[in-house]
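Number of protein chains: 2
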Amino acid sequence: MKLLYPLICLFLALPAWAQDEAPHGDPVAGVVLSLAIILVAAKLGGHLATRIGQPAVLGELVFGVILGNLPLIGFHSLEYLKTDASIDMLAGIGVILLLFSVGLESTIGQMLQVGASSLLVATLGVIGPFALGWGVGAWLLPEHSAYMHAYLGAALTATSVGITARVLRALGKSQSKEARIILGAAVIDDVQGLLILAVVSGVISAANTGGALSYLGIGLILFKASLFLVGSLVIGSKISPRLFSLASRLETHGVLLAVGLGFCFLLSWLASAIGLAPIVGAFAAGLILEDLHYRDFKDRGEHSLEKLVEPIASFLVPVFFVLMGLRTDLRSFAAPGVLGLAAALTVAAIIGKQLCSFGVLGKGIDRLSVGIGMIPRGEVGLIFANIGLTLVIAGERIVDQNVFSAVVVMVIVTTMMTPPVLKWSLERNAKKAG
Amino acid sequence: MKLLYPLICLFLALPAWAQDEAPHGDPVAGVVLSLAIILVAAKLGGHLATRIGQPAVLGELVFGVILGNLPLIGFHSLEYLKTDASIDMLAGIGVILLLFSVGLESTIGQMLQVGASSLLVATLGVIGPFALGWGVGAWLLPEHSAYMHAYLGAALTATSVGITARVLRALGKSQSKEARIILGAAVIDDVQGLLILAVVSGVISAANTGGALSYLGIGLILFKASLFLVGSLVIGSKISPRLFSLASRLETHGVLLAVGLGFCFLLSWLASAIGLAPIVGAFAAGLILEDLHYRDFKDRGEHSLEKLVEPIASFLVPVFFVLMGLRTDLRSFAAPGVLGLAAALTVAAIIGKQLCSFGVLGKGIDRLSVGIGMIPRGEVGLIFANIGLTLVIAGERIVDQNVFSAVVVMVIVTTMMTPPVLKWSLERNAKKAG
Numbered sequence: 001m002k003l004l005y006p007l008i009c010l011f012l013a014l015p016a017w018a019q020d021e022a023p024h025g026d027p028v029a030g031v032v033l034s035l036a037i038i039l040v041a042a043k044l045g046g047h048l049a050t051r052i053g054q055p056a057v058l059g060e061l062v063f064g065v066i067l068g069n070l071p072l073i074g075f076h077s078l079e080y081l082k083t084d085a086s087i088d089m090l091a092g093i094g095v096i097l098l099l100f101s102v103g104l105e106s107t108i109g110q111m112l113q114v115g116a117s118s119l120l121v122a123t124l125g126v127i128g129p130f131a132l133g134w135g136v137g138a139w140l141l142p143e144h145s146a147y148m149h150a151y152l153g154a155a156l157t158a159t160s161v162g163i164t165a166r167v168l169r170a171l172g173k174s175q176s177k178e179a180r181i182i183l184g185a186a187v188i189d190d191v192q193g194l195l196i197l198a199v200v201s202g203v204i205s206a207a208n209t210g211g212a213l214s215y216l217g218i219g220l221i222l223f224k225a226s227l228f229l230v231g232s233l234v235i236g237s238k239i240s241p242r243l244f245s246l247a248s249r250l251e252t253h254g255v256l257l258a259v260g261l262g263f264c265f266l267l268s269w270l271a272s273a274i275g276l277a278p279i280v281g282a283f284a285a286g287l288i289l290e291d292l293h294y295r296d297f298k299d300r301g302e303h304s305l306e307k308l309v310e311p312i313a314s315f316l317v318p319v320f321f322v323l324m325g326l327r328t329d330l331r332s333f334a335a336p337g338v339l340g341l342a343a344a345l346t347v348a349a350i351i352g353k354q355l356c357s358f359g360v361l362g363k364g365i366d367r368l369s370v371g372i373g374m375i376p377r378g379e380v381g382l383i384f385a386n387i388g389l390t391l392v393i394a395g396e397r398i399v400d401q402n403v404f405s406a407v408v409v410m411v412i413v414t415t416m417m418t419p420p421v422l423k424w425s426l427e428r429n430a431k432k433a434g
Numbered sequence: 001m002k003l004l005y006p007l008i009c010l011f012l013a014l015p016a017w018a019q020d021e022a023p024h025g026d027p028v029a030g031v032v033l034s035l036a037i038i039l040v041a042a043k044l045g046g047h048l049a050t051r052i053g054q055p056a057v058l059g060e061l062v063f064g065v066i067l068g069n070l071p072l073i074g075f076h077s078l079e080y081l082k083t084d085a086s087i088d089m090l091a092g093i094g095v096i097l098l099l100f101s102v103g104l105e106s107t108i109g110q111m112l113q114v115g116a117s118s119l120l121v122a123t124l125g126v127i128g129p130f131a132l133g134w135g136v137g138a139w140l141l142p143e144h145s146a147y148m149h150a151y152l153g154a155a156l157t158a159t160s161v162g163i164t165a166r167v168l169r170a171l172g173k174s175q176s177k178e179a180r181i182i183l184g185a186a187v188i189d190d191v192q193g194l195l196i197l198a199v200v201s202g203v204i205s206a207a208n209t210g211g212a213l214s215y216l217g218i219g220l221i222l223f224k225a226s227l228f229l230v231g232s233l234v235i236g237s238k239i240s241p242r243l244f245s246l247a248s249r250l251e252t253h254g255v256l257l258a259v260g261l262g263f264c265f266l267l268s269w270l271a272s273a274i275g276l277a278p279i280v281g282a283f284a285a286g287l288i289l290e291d292l293h294y295r296d297f298k299d300r301g302e303h304s305l306e307k308l309v310e311p312i313a314s315f316l317v318p319v320f321f322v323l324m325g326l327r328t329d330l331r332s333f334a335a336p337g338v339l340g341l342a343a344a345l346t347v348a349a350i351i352g353k354q355l356c357s358f359g360v361l362g363k364g365i366d367r368l369s370v371g372i373g374m375i376p377r378g379e380v381g382l383i384f385a386n387i388g389l390t391l392v393i394a395g396e397r398i399v400d401q402n403v404f405s406a407v408v409v410m411v412i413v414t415t416m417m418t419p420p421v422l423k424w425s426l427e428r429n430a431k432k433a434g
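Sequence lines, in order, name chains A and B. Going by my numbering, the first sequence opens with residue 1, and the numbers climb by one from there. Going by my numbering, the second sequence opens with residue 1, and the numbers climb by one from there.
It cannot be assumed that every hint is accurate.
Restraint ranges, calculated between C-beta atoms of paired labels, are given here [stated by the list, open to error]: (1) L330(A) / T390(B): 37 to 43 Å; (2) R249(B) / A334(A): 36 to 42 Å; (3) V234(A) / A343(B): 53 to 59 Å; (4) L389(B) / R166(A): 24 to 30 Å; (5) A116(A) / P241(B): 52 to 58 Å; (6) L330(A) / L330(B): 52 to 58 Å; (7) A85(A) / L330(B): 29 to 35 Å; (8) P27(A) / I52(B): 24 to 30 Å; (9) L222(A) / P241(B): 55 to 61 Å.
Which chain A residues face chain B? A few, computed with CB under 7 Å, are given here [claimed, not checked]: (10) G74; (11) V255; (12) A258.
The hints are simulated quantities; they were obtained by calculation from the structure and are not laboratory data. If you're wondering where the values come from, they're calculated on a predicted model, not measured in any experiment. Backbone N, C-alpha and C define an ideal beta-carbon position, used for all residues, glycine too.
Only chain A is shown next, with the shape it has when bound in the complex (with noise of 0.2 Å):
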C-alpha cells in the first residue's frame, strides 16, 4: 500500500496546477478531476472505516474533514471545492439518488405492515431528540432565535440504521423481533423527521419574510407536507404501474432506468415546487415504485431499478459525504462553546432516542438493544444540516460553520459508538436468556 501515498500527494497537488493553467481549456477538465480526487478520497476513507469495523460513509465523511482541512497545515489547493457550483450540484443530485435509493428498498406495504410497535418506536424516538435537541439549543445558544433551536431539534430526529442492520446482520440477528421493529421504525422515522423539517423549513422561510410563528402557518404547512406525501403515494401508486407498462413498449436501451430516474426527479422538483426539500419527493418516489409495477422490463431479463441506480449512487452520493466532511471547519472548535455544543448535540441524540424502549410493545423483547439500535444518525442529520446552512432569518444563517460542526461530531459520533455498544448489549441479553 505504500506507494498510495506519494501517488496521493501528487494527486493533490494537481488543482493547484490546474489553477495557474490557460483558462481556456474545457472547464468540464475542472470538474473531472475534482471528481476523481473526491471518489479517491471517498474510497480510501471507505476503505480504513470498514477495516475498524465502522461503516464507508463514516470514512468518507472523515476523509473530506481531512482534506477540507488542509490549509491547517498549509496546503490551500483544494479550497475551492467548498465552494464549486459544479460539485454542490452533483452533490445535491447524490442526495436526491440516496434518499430514492432508501426508498427503493421499502415498499408502501411494508411500512403498512411494520405494526404498532414499530410506528410508536419511530414517534418517541423523534419526540426526544426533537425536544432534548431544542432544549440544548435553547440551553447553549440563548442568543439564537427558536426557530434556530428547533431546527437543531429537527436536525437530531432521524435514524439511519444501515450501520445497525449490517451489525444485526453479522451477529445473525436479523430475522429477530427486535430487527424487523428497529428497521420499520427506521422508515416511519424517515418520514417523521421529512416532515418536521418541511415543517421548521416552511416556519423559519414564513417568519423570514415577516410571516408570525402561527398554529395556523404550521398546521397550513404540515397539511401541504402530508397530503404530498400521502397524495404522491396514493396517485403515485396508481400510476406508476401503468407508467412503467407503457414505458416497457419503448423499444430502445435504458428505459427503466430512464423512467424510474425521471419519475424520481419530477416528483422531488414537485416536492420542492410546494415549498418541501427535494429529497421528500426523491424518497416518496423510490417509496411508490416496487418491483411489480416494472416487471415486464425484468421479465426481459433487466436489472431490476435499484441495481441499475446503484452505480450512479455509488458515483455521486460519495460526492455529497465528503463535500459535508470538506466543510466541516476544524478551526471552529476553537470557537467558545462549539465544543460544548457538539458534546451537548450528541448526548441529546443519544438519550433522546432510548425513549424508544418504552415504543416497544409485548414481552420476552430486548428493549435497551431497540434503544441503543436507533442511536446511529448519519445521513439524514448532515442533510437537514445542510439544508439548514442555506436557510436565513433575519440576516441571519439559521445553522452556521459552528452548529455544522458541531452537527458533524454527533453525526461521526452517534455512528461509531453503535457497532461495539449494540454488539455488547445483543450479548448480554443473549447471555440472559440462555
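Knowing the structure of chain A, use the given hints to seat chain B on it.
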C-alpha cells in the same frame, strides 16, 4: 400510447411554472426537472428512431431539435436549457463517459492486430473528408478564415460505426472480413480524428493569441498530442494492472467503479492541461483499461467496468445528444447558404469516405460496402462542432450557429442513409458471389 401525449404536454409546461416559483427553493430542483424532461425526450426519440430502423442516438438528437425549436410555435419555457450551466456541465461529463465507454470496448492489443487494411482504410477515410470539408469551407464560406475551413474538414473525419456494426450483425455479417476492416478502421479513425482535432484546435488557439500558423507550431502540437496518446497508453498499461491490484485490496464497496472513473477523469484533465480536448484523455483511459487488469475484482464476482459505467453513461450521454439537438436552431436554415452548406458538407462527408475502398488490401473483399460502412458520423462530428462553438479567433467564433446546424444535418443524413444503402450493397455483393 395515447396517454403519453397529454402527459408530455403537461411535463413540458412545468419549467414555466418553475420559473414563477419562489426563488428560495433548492436550485438542484430545477436541474433535476431539466434532467427528467431530457431523459423522457431522449427515450421517446430513441424509441421512434428504433421503430424506423435507425439508431436511438439519432432519435435523441432529433427530439432535442424539436424541443429546441418549440419557440417557433410560441412555446418558450425550455429556452433556458440551451444555456443552462448545470446541464452543459452534465453533458460534458456525459461525453467524457461516452468516449471512455468507446475506449473500453477496444483494447490496445486489438488495435495493433487489425492490420494494414484497417490502417490504410482509416487513414484514407480521414484524408478524404478532411480535404473535401476544407474545400467546401473555402468554396462556400470564402469570407471566413482558413482556420475555420480546416475546422470544418476536421469535423468530417471521424466515423461512428455503431450503426454499421448493427446492420452487419442483423445481416449475419459480423464476422466477415469487411466487418473486421470497418471496425478496426473506426478505432484508428477515432485516434486520427482526435489528433487532427488537437492540431486544428491548437493552431486556432495559437493564432487567436497572436501566434502564427508555423509548421514548427503544428509539429509541436502533433508531437504533444502523439506523445500524450502514446505516453499515456504505454505508461498507463504498465501502471493500470498495479493500480487495480492495489485498489482490489480496499475493503469497501464500489472501488472498481471509483478507480475506473477516477482514472478516466484524471487522464481527461491531464489531456486538457496540456491543451488537448478532455475526450482524448477519456478515450485513452478506456483503451488502456482491460478486463485483465481488474481480474481480482471480477474473480470475486463483481461486474465488469463496462457494465458498471453503462447505467451512468445511459443517464448522462443522452443529456449531450438532446442538448446538441436543442442548440440546433432551425431558423438558421432560413439564412442564405446554410441549406447549401449542409448539403455540400453531407456530400463531402459521403464521397470523402469512399476513398476508403482504395485502402482495402487483398482480393474478394466487398470494397464498396467498406466505403459505405464508414459513412455514418454520429457523436464525434457533434463533439467537434460543439468544441468549435467555444473556439474564438479574432473575435469570431470558429463554428457559428449556422455552421453548427449544417454539421447536425450532415450527422443526421449520413447516419440515416447508411442502413438501407449498406443493406443494398451487401445483398448486391452476395448475389454476385452466389
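Structure-based check of each hint:
In this structure, L330(A) and T390(B) meet the distance hint of 37 to 43 Å, their C-beta atoms being roughly 40 Å apart. The supplied range of 36 to 42 Å is met by R249(B) and A334(A), whose beta-carbon atoms lie about 37 Å from each other. As the Cβ distance of V234(A) to A343(B) is approximately 55 Å, the hint placing it in 53 to 59 Å holds. Checked against the given bound of 24 to 30 Å, the beta carbons of L389(B) and R166(A), roughly 49 Å apart, lie outside it.
Separation of A116(A) from P241(B) is about 57 Å and conforms to the stated range, judged on CB atoms against 52 to 58 Å. Our hint of 52 to 58 Å for L330(A) and L330(B) holds, since their Cβ atoms are close to 56 Å apart. Checked against the hint of 29 to 35 Å, the C-beta distance between A85(A) and L330(B) comes to roughly 32 Å, which is consistent with it. Here the CB-CB span from P27(A) to I52(B) is close to 37 Å, at odds with the stated 24 to 30 Å.
L222(A) and P241(B) have their C-beta atoms about 58 Å apart, which keeps the hinted 55 to 61 Å range intact. Residue-level restraint check for G74(A) is violated (minimum Cβ-Cβ distance to chain B is 24 Å; threshold 7 Å). Because the closest C-beta pair between V255(A) and chain B is about 5 Å apart, less than 7 Å, the hint holds. For A258(A), the interface hint holds, the least distance from its beta-carbon to any beta-carbon of chain B being 4 Å, beneath 7 Å.
Hint violations for this structure: numbers 4, 8 and 10, all remaining hints satisfied.
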